[in-house]
Amino acid sequence: MTTYIVRRIGEGLLTLIALSFVVFGSVHLTGDPARFLLPISAEHDESVYEAQKAAYGLDKPFIVQYWNFLIKAVRLDFGQSFTARRPVQEILLERIPATVHLAIAGTVLAIGIGVPLGIISAVRRDTVLDKVCKIFAVFGMAAPQFWVAIMLIIVFAGYWGWLPAFGRGDMTGWFPSWSQIPNMLAHLVLPAFVLALAIIAAIMRLARSAMLEVLDSDYVKFAQVKGMSDRVVIWKHAARNALIPVITFGGISLAGLLNGSVVVEVVFAWPGVGLMLLEGVLSNNFPQVEGAIMVSGAAYILTALVVDILYGYADPRVRMN
Amino acid sequence: MAAETPALVLEERAPVSMAQRIKDARLPWVPIAILLIIIFCAAFANLVAPHDPRANDVRNKLQPPFASSEHVLGTDRLGKDMLSRLIFGARTMLQVTAPSMIVAILAGTIVGLVSGYSGRWADSVLMRITDAVLGFPSILVALLIVTYLGTGVWNVMIAIAATQWARFARMIRGEVLAIRDRDFVVLAQIYGVSPGMIVWRHLFPNVINTLMVLTSVSVGQVILLEASLSFLGLGLAPGDPAWGILVAEGREFLTQAWWIALFPGLVITVVVMAFNFFGDWLRDYLDPRLRRAG
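Quick note, the sequences are listed as chains A and B, same order. In terms of this note's numbering, the first sequence is numbered consecutively and its last residue is 1532. In terms of this note's numbering, the second sequence is numbered consecutively and its last residue is 367.
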C-alpha cells in the first residue's frame, strides 16, 4: 500500500510539474511578455523595455525564471491581473470558494439523483420507469451544457420566475451565515444541476449495470430466499456492493466538475475560477489565465490523487497494477 | 456442447445475400438517416437553405417560428433566417470537426502504434505525455491553447486535435500490445521484415476496427467541445453560422425570442445523440465479444 501511495503521489507531482512547465513555457513561446506590457507611449524606447524586463525578472535565464514562477505559484502569486489591476492571488481567493461550492453541489446532485435512479431502473428493469431513465441518460450525455442552462433559465427563471437566473446572490467567501443559506441554495440549484447532468446520466448507467450484476448473485438470492423484505435486500445487501465503483466514479467526476464548470459559470455568471479563466482568455490577461489554470489543474490532480488512494484502500486489485 | 455448435452450422449455410446481411446487422436506421440529412445539408447548404444565412432583413427581425412560410423557424435580431443559419451551421460543424478529427486520429494512431510496438523508453515517454493530456479536461487544454494562439477557427481546430489524439494513442497502444507477440508478427520479424513494414502491414490492419469504433464514439464529444468553444466566443466570429454561436446570440434574447437559442441547441443534441447511437451500434457490431449480448 505504501509503495502504491508513494508511486501515485510521484505521478501526481510529475503531472503538476508538466502542467506548470507548459503554462510557463507557452508564455515564452508565443511572445515577449515584457514587450506586451509596454505602454504604447514607450513602445520604441528600449530603455523602458529593458527596465520592464528587469522589473519582471525576464532578463534572467529561462530555468531561473521557471524556478521563480514555481516558488511564487505555490503561494498563488501570479502577479498583477492586467485588466483588474490587482493581484491575481486576491481574485483567486475570492473565486475559489464559489467554484468549490458549485462542484460540491454538482457532485451531491449527481450522486443523489443518479444512484437512486440507477438502482430503481435496475430493480424495475424494462418497465416504463426504466425506459424514461434511459431516455434521460441518452439526452443528458448528448445535450450541450450551455444550451440546457439557457433553456432552464428561460423556463425556471424567466417564465415561472421560481429561481434566480444569474450569480451567487449576496454570498461571498466560504461560509454562509444562517440567513444566507436559502438564498445561496436557490442560486445553486440551476447551475449545479446543469453541471451534474452528464454525470447523472453516466452514474445512472453505471449504477444500473452494477446493480443488475449484483442482483443476479447468490447472496442476494439467498437473502431473498431467507424471506427478507425487498427493501432490505435491495438497499442493504445489493446496493452496498454495487455502489463501490459508482462512488469512485463520483469522486473522479468531482475532480472533473472543478474544471468542467467553465461553460456553466459563464452562462450563469457564477463568479468562480472558470469565469475568471474565460475573462482572462478573452482579454489576453496572461497572469490571470496562468493563475486560474494552475489552480484548476492542481485541484484536479489532487482530487484524482485522493480518489485513487481511497480506491486503492477499497479495492486491493487496483494497487497491484 | 450443443451451445457451441452454431459456429459449424454457420459454415454449412448457403452464402448469405447482401439484403439478408443488412437485415442481420440491425442497422440503426434513425441515427443513420439523421446523419445523412446533416451531411446532405452540409454539402448542399446553398441549395437547401431558403435564404442567405448572412442576409439581414431588419423589417422582419425577431419573427417567431411557424408563423410564416417565409421564415419557418423564425428570424434573429437582424432578420437573418434561422432555418438557413442552421443548415449552414451543419457545414461549419463539419468543416471544423472533420479536419481536426482526422489530424487527431492520424497523430493518435501513429503514437499508439510506435509506442506499442517499440516499447521500452519510447513507450514510457509517449505514454507519460498521453496520460498528462488525458488527465486534463479537454476544455481546459483547449482554453490554454486558445489563450496563447488567439481566438479563431484554426486555433479551435488545433485545440480540438490537441486534446483528442491522446485517447486514440492510448487505445491503439493497448491493442498493439495485445497482438504484438502473436505468431504472425513474430514470424514476420524472424523473416526479417522491417519494423515499419510490420507496423503498417501486420499491426495497423488489426487495429482498424478499434479505430472506427473509437472514432464514432468520439465524434459526439468533439461536436460538443466545438460547440462549447464557439459558444464561449473563441472560434468563429459572431454572425457566422455556427450552432454554438447561434445559441450564444439567443442568450441575449432569452425572454423576447426563445427560438433563437432553442433550435440550434436542439439540433446539436439530436446530432450528438445520433452519433452516440451509431457509435454504440458499431461497437456492438464490430466487437464479437459484445455482439451476443446485443
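Keep in mind the hints are simulated off the structure, nothing from the lab. It is possible that some hints are incorrect.
[Stated by the list, open to error] Here are the simulated SDA-like cross-link-like pairs (lysine to any residue), alpha carbons at most 20 Å apart as the crow flies:
| # | chain 1 | residue 1 | chain 2 | residue 2 |
| --- | --- | --- | --- | --- |
| 1 | A | 1437 | A | 1340 |
| 2 | A | 1345 | B | 199 |
| 3 | A | 1345 | A | 1279 |
| 4 | A | 1345 | B | 339 |
| 5 | A | 1345 | A | 1367 |
| 6 | A | 1342 | B | 103 |
| 7 | A | 1437 | A | 1455 |
| 8 | A | 1342 | B | 136 |
| 9 | A | 1345 | B | 133 |
| 10 | A | 1345 | B | 353 |
| 11 | A | 1345 | B | 357 |
| 12 | A | 1342 | A | 1365 |
| 13 | A | 1342 | B | 353 |
| 14 | A | 1345 | A | 1437 |
To see whether the hints hold, each was checked on the structure:
1. A:1437 <-> A:1340: violated (28 Å)
2. A:1345 <-> B:199: violated (38 Å)
3. A:1345 <-> A:1279: Distance of about 52 Å is beyond 20 Å: violated.
4. A:1345 <-> B:339: Distance of about 18 Å is within 20 Å: holds.
5. A:1345 <-> A:1367: Outside the cut-off at roughly 24 Å; violated.
6. A:1342 <-> B:103: Holds. Residue 1342 of chain A to residue 103 of chain B sits at ~18 Å (cutoff 20 Å).
7. A:1437 <-> A:1455: violated (25 Å)
8. A:1342 <-> B:136: Answer violated: residue 1342 of chain A to residue 136 of chain B is near 37 Å, above 20 Å.
9. A:1345 <-> B:133: Violated - the C-alpha atoms of residue 133 of chain B and residue 1345 of chain A are around 41 Å apart, more than 20 Å.
10. A:1345 <-> B:353: Given that 20 Å is the threshold and the Cα spacing comes to 14 Å, the pair holds.
11. A:1345 <-> B:357: OK: residue 1345 of chain A and residue 357 of chain B at ~18 Å, within 20 Å.
12. A:1342 <-> A:1365: Violated, because 27 Å separates the two Cα atoms, which is more than 20 Å.
13. A:1342 <-> B:353: With Cα atoms ~17 Å apart, residue 1342 of chain A and residue 353 of chain B stay inside 20 Å; holds.
14. A:1345 <-> A:1437: violated (32 Å)
Violated hints, in rising order: 1, 2, 3, 5, 7, 8, 9, 12 and 14; the structure is consistent with all others.
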